[in-house]
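Novice: Next come the chains, spelled out residue by residue.
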Amino acid sequence: MDLFLQQTLDGLATGAIYASLALAVVMIYQAIDHFNFAQGEMAMFSTFIAWQLIAWGAPYWLAFVVCLVISFVGGMLIERIVFAPIHNAPVLSHIVVFIALTLIFNAFAGFIWEFTIKQFPSPFPSELPFETTLIGPHELGVVGITLVMLVLIYVFFRFTPVGLAMRAAAANPVSAALVGISVKKMLALGWGLAATVGAVAGMMIAPKVYLEPNMMLGVLLYGFAGAVVGGLTSPGGAVIGGFLMGVLENLAGTYVIGSDLKLTFALVVIVAVLLFKPAGLFGRVVVQRV
Amino acid sequence: MNNVRNHRANPADSYELFGVKLPQLRMILLLIGIALALLLPLVLANFAIFQMTQVLVYAIAVLGLNLLTGYNGQFSLGHSAFYALGAYTTAIMIDRYDIAYYWTIIPAGLICFIGGFLFGLPALRLEGLYLALATFALAVAMPQLLRYEHFEGFTGGVQGIDVFKPDSPLPMLNADQWLYYFVLFWGALLIIGAWNLVRGRTGRAMIAIRDNPIAARTMGINTALYKSVTFGVSGLYTGIAGALGAIVAEFVAPDSFTFFLSVWFLVGMVVGGLASIPAAIAGGIFILYMPNISEEVISIFFGNDPSAKALIWVAFGLFLIFTVYVVPNGLAGLVRRFVIRYATRRGD
Amino acid sequence: MALLEVNNLVASYGPIRALHGISFSLEEGSVTTILGANGAGKTTTLRSICGMVSTEGAISFAGQDISRMPTEQIVRQGVAHVPEGRGTFTRVTTEENLRLGSYARKDRKAIEDDIEQVYSYFPRLKERRDQQAGTLSGGEQQMLAVGRALMLRPKLMLLDEPSFGLAPLIVEELFGILRRINEQQKVSMLLVEQNATLALDLANHAYLLETGRVVLSGTSKEIAADETVRKSYLGY
Numbered sequence: 001m002d003l004f005l006q007q008t009l010d011g012l013a014t015g016a017i018y019a020s021l022a023l024a025v026v027m028i029y030q031a032i033d034h035f036n037f038a039q040g041e042m043a044m045f046s047t048f049i050a051w052q053l054i055a056w057g058a059p060y061w062l063a064f065v066v067c068l069v070i071s072f073v074g075g076m077l078i079e080r081i082v083f084a085p086i087h088n089a090p091v092l093s094h095i096v097v098f099i100a101l102t103l104i105f106n107a108f109a110g111f112i113w114e115f116t117i118k119q120f121p122s123p124f125p126s127e128l129p130f131e132t133t134l135i136g137p138h139e140l141g142v143v144g145i146t147l148v149m150l151v152l153i154y155v156f157f158r159f160t161p162v163g164l165a166m167r168a169a170a171a172n173p174v175s176a177a178l179v180g181i182s183v184k185k186m187l188a189l190g191w192g193l194a195a196t197v198g199a200v201a202g203m204m205i206a207p208k209v210y211l212e213p214n215m216m217l218g219v220l221l222y223g224f225a226g227a228v229v230g231g232l233t234s235p236g237g238a239v240i241g242g243f244l245m246g247v248l249e250n251l252a253g254t255y256v257i258g259s260d261l262k263l264t265f266a267l268v269v270i271v272a273v274l275l276f277k278p279a280g281l282f283g284r285v286v287v288q289r290v
Numbered sequence: 001m002n003n004v005r006n007h008r009a010n011p012a013d014s015y016e017l018f019g020v021k022l023p024q025l026r027m028i029l030l031l032i033g034i035a036l037a038l039l040l041p042l043v044l045a046n047f048a049i050f051q052m053t054q055v056l057v058y059a060i061a062v063l064g065l066n067l068l069t070g071y072n073g074q075f076s077l078g079h080s081a082f083y084a085l086g087a088y089t090t091a092i093m094i095d096r097y098d099i100a101y102y103w104t105i106i107p108a109g110l111i112c113f114i115g116g117f118l119f120g121l122p123a124l125r126l127e128g129l130y131l132a133l134a135t136f137a138l139a140v141a142m143p144q145l146l147r148y149e150h151f152e153g154f155t156g157g158v159q160g161i162d163v164f165k166p167d168s169p170l171p172m173l174n175a176d177q178w179l180y181y182f183v184l185f186w187g188a189l190l191i192i193g194a195w196n197l198v199r200g201r202t203g204r205a206m207i208a209i210r211d212n213p214i215a216a217r218t219m220g221i222n223t224a225l226y227k228s229v230t231f232g233v234s235g236l237y238t239g240i241a242g243a244l245g246a247i248v249a250e251f252v253a254p255d256s257f258t259f260f261l262s263v264w265f266l267v268g269m270v271v272g273g274l275a276s277i278p279a280a281i282a283g284g285i286f287i288l289y290m291p292n293i294s295e296e297v298i299s300i301f302f303g304n305d306p307s308a309k310a311l312i313w314v315a316f317g318l319f320l321i322f323t324v325y326v327v328p329n330g331l332a333g334l335v336r337r338f339v340i341r342y343a344t345r346r347g348d
Numbered sequence: 001m002a003l004l005e006v007n008n009l010v011a012s013y014g015p016i017r018a019l020h021g022i023s024f025s026l027e028e029g030s031v032t033t034i035l036g037a038n039g040a041g042k043t044t045t046l047r048s049i050c051g052m053v054s055t056e057g058a059i060s061f062a063g064q065d066i067s068r069m070p071t072e073q074i075v076r077q078g079v080a081h082v083p084e085g086r087g088t089f090t091r092v093t094t095e096e097n098l099r100l101g102s103y104a105r106k107d108r109k110a111i112e113d114d115i116e117q118v119y120s121y122f123p124r125l126k127e128r129r130d131q132q133a134g135t136l137s138g139g140e141q142q143m144l145a146v147g148r149a150l151m152l153r154p155k156l157m158l159l160d161e162p163s164f165g166l167a168p169l170i171v172e173e174l175f176g177i178l179r180r181i182n183e184q185q186k187v188s189m190l191l192v193e194q195n196a197t198l199a200l201d202l203a204n205h206a207y208l209l210e211t212g213r214v215v216l217s218g219t220s221k222e223i224a225a226d227e228t229v230r231k232s233y234l235g236y
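Chains as they are written, first to last, in the numbering used here: chain G, 1 to 290; chain P, 1 to 348; chain X, 1 to 236.
Since the hints were made in silico from the structure, they are not lab data.
For glycine and all other residues, C-beta sits at the position ideal for the given N, C-alpha and C.
It is possible that part of the hints are untrue.
Stated by the list, open to error - Using 27 Å as the maximum straight-line C-alpha spacing, the simulated DSSO-like pairs for lysine-lysine come out as follows:
id	chain 1	residue 1	chain 2	residue 2
1	G	118	G	185
2	G	277	G	262
3	X	221	G	184
4	G	184	X	155
5	X	221	X	126
6	X	221	X	186
7	X	231	X	155
8	P	309	G	118
9	X	126	X	186
10	X	155	G	185
11	X	106	G	185
12	G	185	X	109
13	X	106	X	126
Claimed, not checked - Covered stretches of chain X, going by a simulated chain G footprint (3 or more residues, C-beta under 8 Å):
id	stretch
14	1-13
15	204-212
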C-alpha cells in the first residue's frame with residue numbers, strides 16, 4: 001500500500017509539471033488554434049537562463065523571478081516577431097515554424113551552455129518538517145508552487161478585466177475587436193503567460209532530471225498527453241489531465257510496463273484518446289461544418 | 001492543324017524557355033541528370049561517392065514524406081520511425097539471420113508498408129494538427145522503444161547492430177561505387193513508381209483528397225482507403241530509404257532515429273518543395289550539404305569547438321523560417337515561378 | 001457637420017469589389033437606415049466603417065478620418081457595432097459580455113451605473129446576468145448585443161440586421177427600445193435592415209443600396225412613399 005501511495009504522490013509531483021505544460025499548450029491552442037511544439041524547448045531555455053543567473057551568484061528566488069520576467073517578455077516577442085507575419089498561412093507553415101523554433105532553442109542552448117548535464121538547485125529544504133516516507137520535500141514543493149501558480153492564473157482569467165479580454169479575444173477575435181480589444185496585444189500577452197508557465201515547469205523539473213538541452217522533449221510529450229486527455233478546449237481539464245498523466249506514468253511504470261517504455265505509453269495514450277474521445281475528458285467536440 | 005489539339009495535352013507544352021520548348025527542355029534536363037547520376041561516381045573520390053549515395057537515400061526518404069504530405073495533405077512528424085523500421089529490419093536480417101543485403105530491401109519495404117498502412121488507419125480520424133501531434137509522439141517514443149531491454153535480442157539495445165559494407169561483385173567497381181549503383185537502382189525504381197502513381201488516377205485521387213476531402217468523398221473517392229494506402233506507400237518509401245541507409249551507414253542504433261531525423265526529412269521536403277518529385281532530390285542534396293557547408297563556415301569563426309556545431313541547427317532553423325516566409329513553395333516553387341515568368345509561347 | 005461622412009467608398013474582398021464608390025452622411029442624433037436586398041453591400045458598408053474590409057475613399061467620423069484606422073481604435077472613437085449574427089461571447093456570462101462592451105472605457109464607477117441602465121432597458125438580461133451567454137435565446141442575445149454596444153457610451157451605433165431570425169413581437173419590443181435609446185441617450189444610429197417597413201418606421205433618413213451603389217436617398221417618409229420601393233421592398 002505504501003508503494004502505491006508513494007508512487008501516486010510522486011506522480012502528482014511530476015503531474016504538476018505536466019499540468020503546467022499542458023496548460024501552456026492549451027492556452028496557446030485556444031488563442032491561435034495551433035500546437036506550440038516548441039513549448040518544451042522554450043521552457044528549457046528559460047531554465048538555463050535561471051541557471052546562469054544562479055551561477056553568477058544570484059540567490060535562487062531572485063533568479064526565479066527574473067527568469068519569469070525574461071520568459072514573459074521573450075514569449076511576447078516571439079509571438080510578435082515570428083508568428084504575427086504568418087497568422088493566415090497554411091497549417092504546414094505553422095508546423096514548420098514551430099519545429100524551426102524547437103531547433104533554434106535547442107541548438108542555441110547547446111551552443112551557449114554545452115550539452116553536458118548540469119545541476120539545478122531545488123529551492124526547497126532537504127528535509128520535511130514532518131516524518132514521512134510517502135513524499136519527498138522537493139516533490140511537495142513542486143506541487144505547492146504549481147498549485148499557487150494555477151490559482152493565480154485562474155484568478156487572473158476569471159476576475160480581471162484583462163483576463164476576460166484575453167478569453168474573449170481567443171474565443172471570438174472579431175467581436176473582441178468590435179469592443180475595442182486589441183487582439184494583437186492579447187495574443188502577445190497569452191504567449192508571454194504561456195512562456196512564463198513553461199519556465200516554472202522547467203525550473204521545477206530540472207532538479208530531478210538534470211539540466212541539459214534535451215531534457216524537455218519527453219516531458220513535453222507528457223504535457224501534450226495531459227492536454228489531450230483533459231481536453232484541448234479546456235484549460236482546467238488540461239491541468240487535471242496533466243496530473244492524471246503523472247500518476248498514470250508512475251503507476252504504469254511500477255506495476256505494468258517498467259520504466260523503460262514511458263514514452264511509448266504517452267504515445268499510446270495520445271493516439272487512443274484522439275481516436276476514441278478526441279474531446280478528452282472535459283473538452284468540447286469541434287464540429288466540422290461543410 | 002494547330003487548332004486541332006488532343007484535349008489531354010498539357011497546354012504548357014507549347015511554351016518555350018531560352019528558345020527550347022518546355023517538354024524538350026524537361027527531357028534534356030532529365031537526360032543530363034541521368035548522365036550525371038550514372039557517370040559521376042566513376043570519376044569521383046570515394047568519400048564524394050559516399051556522399052552522393054547518402055543524398056540518394058535522403059531523397060528517397062523525403063520523396064516518401066512528400067507523397068504523404070505534399071500530394072495527399074497528411075502531415076507526419078514521425079517518418080523517422082518508418083526510416084528506423086526499415087533500417088532495423090535490414091540490419092536484423094543481415095546480422096541475425098545471415099540474409100544477403102540485397103534480399104532485405106523488399107521485405108523491409110513491405111514491413112514498412114504494413115506499418116504505414118496500420119498507422120494510417122487510426123490516422124484517418126485525425127486531421128492536420130492532431131495528426132502532427134500523433135506522429136510527433138511516434139517519433140519521440142521510437143528511440144526508447146528501440147532501446148527496450150526485452151527487445152535487445154533483436155535490436156541490440158543501446159549499442160545497436162553493425163552492418164558490414166558489402167563487397168563489390170564487379171571487378172571494375174569498388175565497394176563504394178557498387179553500393180552507389182545499388183542504391184541508385186532502387187532510387188530509380190521508386191522515382192519511376194512515384195511518377196506513375198502521381199500521374200495516374202491514384203495520384204489525382206490523392207491530390208483531390210488533399211485539396212478538399214469532403215468534395216472528394218462526394219465524388220465517390222474512397223478517401224479512407226486512399227489515405228491509408230498513401231500512408232502505407234509513404235512508409236514503404238521511407239522504410240526502403242532506411243534499409244538502404246543502414247547499409248550505407250554500416251550500423252543502426254536507437255539514437256540515430258530521433259525526432260530530429262523527422263525534422264530533417266521535413267526540412268528536405270519544405271526546402272525542395274511540396275508535391276514535386278525532383279524536389280525530393282533537391283531536398284536530399286540540401287539535407288546533406290547544408291550541414292557540411294555550415295560546419296565549414298562555423299569552423300572559420302569558432303574553430304573546432306564542438307558546441308559551435310550546434311549552431312548548424314540554429315542555421316537550419318533560421319533557414320526554415322526564411323523558407324516559410326519568403327519561399328513557401330520551396331525550390332520547386334521558385335523554379336515554377338521562374339518558368340512562368342520567362343517562358344514565352346511560340347509566336348508571341 | 002455630419003457625425004459620419006462617407007465619400008466615394010470603394011470596398012473589396014480580395015479581387016471582388018463589393019461597393020462601387022458610395023457616398024452618404026449621417027447627422028448627429030439621427031437614425032439613418034440603409035436598405036437593400038441580399039448582397040447589395042449593406043453589411044460591407046458597416047464593416048468598412050469599422051475598418052474590417054479593405055477600402056478606398058474617405059470615411060470621417062466626428063471630423064476625424066477613420067478610413068485607415070484599425071478596428072480597435074475606431075471603436076475607441078465611439079463607434080459601437082452590433083454585428084450580423086450578434087457576435088455574442090458565448091462562453092462567458094451575460095454580465096461579462098456587458099463588461100467587455102465597456103473594455104475601452106476607464107471610468108469604473110460609471111460602468112457599474114451603465115450596467116444597471118442596460119438592465120433597465122432589457123430586464124430580461126438582468127434575470128440572466130450570470131448565465132452563460134450562449135444559452136440565451138436569439139432575441140435575448142440580440143438585446144445583449146445592443147446592450148453591449150451601449151456599454152461603450154457610443155456616439156454612433158451600427159446595427160446589422162437586428163431583426164434577423166427574431167419573432168415579430170420581440171422585434172417590436174427591440175425596435176421600441178432602440179427608439180428610446182436614440183431619444184434618451186442621444187445615440188445616433190446607422191441601421192442596416194432587410195425589413196424595410198420596420199427600418200423606415202424607426203429611421204429619419206434612408207438610403208437604398210443596390211449591388212454596391214446608392215440608388216435612392218431621402219427622408220424615410222419620402223423613401224416609403226416611393227413607388228419602386230413600395231413595390232420591391234415594402235410589398236404593396
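Novice: Next step is simple, just say for each hint if it's right about the structure.
Specialist: Structure-based check of each hint:
no.	hint	verdict
1	G:118 x G:185	violated, 37 Å
2	G:277 x G:262	holds, 21 Å
3	X:221 x G:184	violated, 45 Å
4	G:184 x X:155	holds, 25 Å
5	X:221 x X:126	violated, 36 Å
6	X:221 x X:186	holds, 22 Å
7	X:231 x X:155	violated, 34 Å
8	P:309 x G:118	holds, 20 Å
9	X:126 x X:186	holds, 23 Å
10	X:155 x G:185	holds, 25 Å
11	X:106 x G:185	holds, 18 Å
12	G:185 x X:109	holds, 25 Å
13	X:106 x X:126	holds, 23 Å
14	1-13	violated (count 0)
15	204-212	violated (count 0)
Comparing the model with each numbered hint stated earlier shows that hints 1, 3, 5, 7, 14, 15 do not hold.
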